[in-house]
Amino acid sequence: MRAGLARTDRLSRKHTLHRAVLNSAGLKHERNRTMKLAIIGQQDFGKSVLEAFLERNDEVAGVFCAPEKPGAKPDPLRTAAEERGLKVFQFSSLKVPEAHEALKALNVDLGVMAYVLQFAPDSFVQLPRLGTIQYHPSLLPKYRGPSSINWPIIRGDTRGGLSIFRPTEGLDEGPLILQKTCDIGPDETIGEVYFNKLSPMGVKAMLEAADLVFAGKHTETVQDESQASYEGWCRDAEARIHWSNHVDFIYNLIRGTNPAPGAWTTLNGKKVQIFDARKHLFRRFADVAGKIGEVSEVTEASFKVTAQGGVIEVLRARGEDGKKLAGGEFARTNGLAKGTLLGT
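Offset between the sequence shown (1-based) and the numbering used here: plus 12.
Among the clues, some could well be false.
[Claimed, not checked] With a straight-line Cα cutoff of 20 Å, these simulated SDA-like cross-link-like pairs (lysine to any residue) come out: (1) K192 with M213; (2) K192 with D236; (3) K291 with P271.
[As the list claims (entries may be wrong)] Computed beta-carbon distance windows for the label pairs: (4) E332 with H112: 42 to 50 Å; (5) K303 with E67: 28 to 36 Å; (6) N119 with T91: 24 to 32 Å; (7) K81 with K335: 18 to 26 Å; (8) S135 with R344: 58 to 66 Å; (9) E71 with S241: 32 to 40 Å; (10) D195 with L293: 17 to 25 Å; (11) E232 with D199: 35 to 43 Å; (12) S135 with E67: 51 to 59 Å; (13) T233 with D169: 15 to 23 Å.
Just so you know, the hints here were simulated from the structure itself, not pulled from any lab data.
Since this is a predicted model, take the numbers as computed values, not measurements.
C-beta: ideal position from N, C-alpha, C; glycine also.
With these hints in hand, go ahead and build the complete structure from the sequences.
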């Protein structure tokens, strides 16, 4: 999944909200004993989950995160854990005996997987006393796979959500513990859906699921394979704009890849990424302006490109060697004018 974009400024009221969840579930007495955890994850979402458990005084015995690639910035989860003096483990694979030995030695109640891109075998996730729980930003069994936030938006879905489940060796196929739903607005981007909804909801759901498992009050529901779907990565190849597609499809692609990986087209053979945009439908034949893929208008703030059924008004774009610019500024800087053809 492309999670790892989580922000922590939404967690200030988390403790009060979570206490209400505990009381309503009849679990308050279970919190008299501290939960001992291992956090397995990376990036900002992993950091947010770590901080949420520490804030309510759970014991984090150790943190597992993937090694950074050469030249990459320090992983936010690793940095946060080290600042708090926690044990940090960075194994090239969670399948190696050393990873198993490290987790077993921690003697934890529960493993918590928060944005994990490494494969975690059953022999690893079953080591904690109560096993392991994992976060996935879709309503499983739909949208199994690593880009499960991109694809619902690209497909024009109006509802999304998250799942907390038991990891197995089948990717995102384990039994469900709980799910939370959210709306996907017609103009929302992947960044907005994730930062405003799926990330803060996911942190709270991790706390809720951990408490249910710790208290022995959770349920595990086998996923309905008849409703399952799997999609792979949404990367550069998948984010290319084909102007001959319907304007609805193009607009959803732009939304579903903003900010990453960024929908793109070409101008004189060079890549142009398109971020913020609007769509305008043609209501009658007389409204059609220009050919498919042609710039039909340049304004102070934007430029418009013709597609099937309407135009895409580009509000923010970036060239191969430049920075993100307002659409109108990008057009003036790069010589776009009415009649310029994109995508060739």
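Tested hints:
1. K192 with M213: OK: K192 and M213 at ~8 Å, within 20 Å.
2. K192 with D236: 17 Å, holds
3. K291 with P271: Holds: K291 and P271 sit about 18 Å apart, inside 20 Å.
4. E332 with H112: 42 to 50 Å: 45 Å, holds
5. K303 with E67: 28 to 36 Å: Once the Cβ atoms are compared, 57 Å apart, the range 28 to 36 Å for E67 and K303 is violated.
6. N119 with T91: 24 to 32 Å: With a Cβ separation near 25 Å, N119 and T91 satisfy 24 to 32 Å, so the hint holds.
7. K81 with K335: 18 to 26 Å: 24 Å, holds
8. S135 with R344: 58 to 66 Å: Given about 59 Å between the Cβ atoms, the range holds.
9. E71 with S241: 32 to 40 Å: Given about 38 Å between the Cβ atoms, the range holds.
10. D195 with L293: 17 to 25 Å: 22 Å, holds
11. E232 with D199: 35 to 43 Å: 37 Å, holds
12. S135 with E67: 51 to 59 Å: For E67 against S135, whose Cβ atoms are near 31 Å apart, the range 51 to 59 Å is violated.
13. T233 with D169: 15 to 23 Å: Hint holds: Cβ distance 22 Å, inside 15 to 23 Å.
The earlier numbered hints that this structure contradicts are 5, 12.
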